[in-house]
Amino acid sequence: KAGVTQTPRYLIKTRGQQVTLSCSPISGHRSVSWYQQTPGQGLQFLFEYFSETQRNKGNFPGRFSGRQFSNSRSEMNVSTLELGDSALYLCASSVGGTVWEQYFGPGTRLTVT
Amino acid sequence: AQKVTQAQTEISVVEKEDVTLDCVYETRDTTYYLFWYKQPPSGELVFLIRRNSFDEQNEISGRYSWNFQKSTSSFNFTITASQVVDSAVYFCALSTSGTYKYIFGTGTRLKVLA
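Which chain is which? The protein sequence lines are D and G, in order. With the numbering used here, letter number 76 in the first sequence gets 76, and the count goes up by one each step, no holes. With the numbering used here, letter number 19 in the second sequence gets 19, and the count goes up by one each step, no holes.
Chain D extracted, bound-state conformation (with noise of 0.2 Å):
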């Protein structure tokens, strides 16, 4: 079975700029979380999917934005982009419904410049 699938895998951007990260679910699996780890904060969570709604999500600016689809893939999007967004990006599936281990992708390398 497949893995989680992160793209793309590393990105520059310039501060002001947006930017969408893209996660690609475990077959099967319909929950998708996001974090972000950066060396100063570790592993942030973000927000979390399941079936297309948000079902929670952290304390993060409203810049901070994503979304699921039908097939459970996911989208995040960062728009005004500043500096200190610079981080991996993660993203994590599980089967959902309750509280199950959840499967990482490789993560997306975000730099803003």
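No lab work stands behind these hints, which were simulated from the structure alone. As the structure is a prediction and not an experimental result, all values here were calculated from the model. Please note that a few of the clues may not be correct.
[Said to hold, decoys possible] Cross-link-like lysine-lysine pairs, in silico, PhoX-like; alpha carbons within 20 Å at most: (1) K111(G) x K57(D); (2) K57(D) x K101(G); (3) K101(G) x K3(G); (4) K111(G) x K16(G); (5) K38(G) x K111(G); (6) K38(G) x K3(G).
[To be verified] Computed list of chain G residues with no C-beta within reach of chain D, every gap over 12 Å: (7) E44; (8) R50; (9) Y64; (10) T80; (11) Q83.
[What the hints assert, rightly or not] Derived DEER-like restraints, expressed as beta-carbon distance ranges: (12) D18(G) x R15(D): 46 to 54 Å; (13) S79(D) x R63(G): 40 to 48 Å; (14) N77(D) x L113(G): 42 to 50 Å; (15) E59(G) x R67(D): 33 to 41 Å; (16) Q17(D) x V14(G): 43 to 51 Å; (17) V14(G) x P8(D): 33 to 41 Å; (18) G40(D) x E59(G): 29 to 37 Å; (19) E52(D) x V13(G): 45 to 53 Å; (20) T5(D) x G62(G): 23 to 31 Å; (21) T111(D) x V85(G): 25 to 33 Å; (22) G58(D) x E10(G): 22 to 30 Å; (23) Q17(D) x T20(G): 40 to 48 Å; (24) R67(D) x V46(G): 36 to 44 Å; (25) R109(D) x Y64(G): 26 to 34 Å.
Note that the Cβ used here is the ideal one computed from N, Cα and C, for glycine as well.
Assemble chain G onto chain D, guided by the hints.
Coordinates of chain G only, in the frame set by chain D:
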């Protein structure tokens, strides 16, 4: 509030030594789940174990073992006879039923020296 504390920022051991990684959690919920993940230098987090709050049995998987103690709110992870390939950052995480949110600790970097 929910919180996961991994007080050990970095641990260095010599190969074949045993090492224990500590994890202390906080939650007021009675139904919750604890996890351990490994993040090797390649960067991809790897799931190791899931434990629910009603199952305090310790678990052993090869050289890995986990000690869950509700009385001290701890879920510690021991690697027996460590190997260089165990070098990684290890994360403990907590999720409570119905929140769909996973709280991660700050991680412990384990360096196993040959």
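Status of the hints after comparison with the structure:
Restraint check for K111(G) and K57(D): not satisfied, since their Cα atoms lie roughly 34 Å apart, outside the 20 Å limit. Annotation: proposed proximity of K57(D) to K101(G) holds, straight-line Cα distance about 8 Å (limit 20 Å). For the proposed pair K101(G) and K3(G), the alpha carbon gap of about 12 Å is at most 20 Å, so the pair holds. Proposed proximity of K111(G) and K16(G) is supported: the alpha carbons are some 12 Å apart, at most 20 Å.
Taking the CA atoms of K38(G) and K111(G), the gap is near 13 Å; set against the 20 Å cutoff, the hint holds. A hinted pair counts as satisfied when its Cα atoms are at most 20 Å apart, and K38(G) with K3(G) qualifies at roughly 19 Å. A Cβ of chain D approaches the Cβ of E44(G) within 12 Å, the least distance being about 5 Å, so the stated non-interface status is violated. With a minimum CB-CB distance of about 5 Å to chain D, R50(G) fails to clear the 12 Å threshold, and the non-interface call is violated.
Its beta-carbon lying about 15 Å from the closest one in chain D, Y64(G) satisfies the requirement of being farther than 12 Å from that chain. Taking the minimum C-beta to C-beta distance to chain D, about 23 Å, the non-interface status of T80(G) holds against the 12 Å cut. No Cβ of chain D approaches the Cβ of Q83(G) within 12 Å, the least distance being about 23 Å, so the stated non-interface status holds. Distance hint check for D18(G) and R15(D): the Cβ-Cβ separation is about 48 Å, which falls inside the suggested range of 46 to 54 Å.
Distance hint for S79(D) and R63(G): a CB-CB separation of about 46 Å, consistent with the stated range 40 to 48 Å. About 43 Å separates the C-beta atoms of N77(D) and L113(G), a value consistent with the hinted range of 42 to 50 Å. At about 37 Å, the beta-carbon gap between E59(G) and R67(D) stays in the expected band of 33 to 41 Å. As the Cβ distance of Q17(D) to V14(G) is approximately 48 Å, the hint placing it in 43 to 51 Å holds.
Range check, V14(G) to P8(D): about 40 Å between beta-carbon atoms, so the 33 to 41 Å window is met. For the pair G40(D) and E59(G), the beta carbons lie near 33 Å from each other, so the given range of 29 to 37 Å is met. For the pair E52(D) and V13(G), the beta carbons lie near 46 Å from each other, so the given range of 45 to 53 Å is met. Hint check: T5(D) to G62(G), Cβ distance near 29 Å, so the stated range 23 to 31 Å holds.
A hinted range of 25 to 33 Å for the beta carbons of T111(D) and V85(G) is consistent with their spacing of about 30 Å. Against the hinted window of 22 to 30 Å, the Cβ-Cβ separation of G58(D) and E10(G) comes to about 26 Å, which satisfies the hint. Between Q17(D) and T20(G) the C-beta distance comes to about 45 Å, which sits within the given range of 40 to 48 Å. Judged by the Cβ atoms, the range 36 to 44 Å given for R67(D) and V46(G) is violated: they are separated by roughly 27 Å.
Taking the beta carbon of each, R109(D) and Y64(G) are about 29 Å apart, inside 26 to 34 Å as hinted.
The earlier numbered hints that this structure contradicts are 1, 7, 8 and 24.
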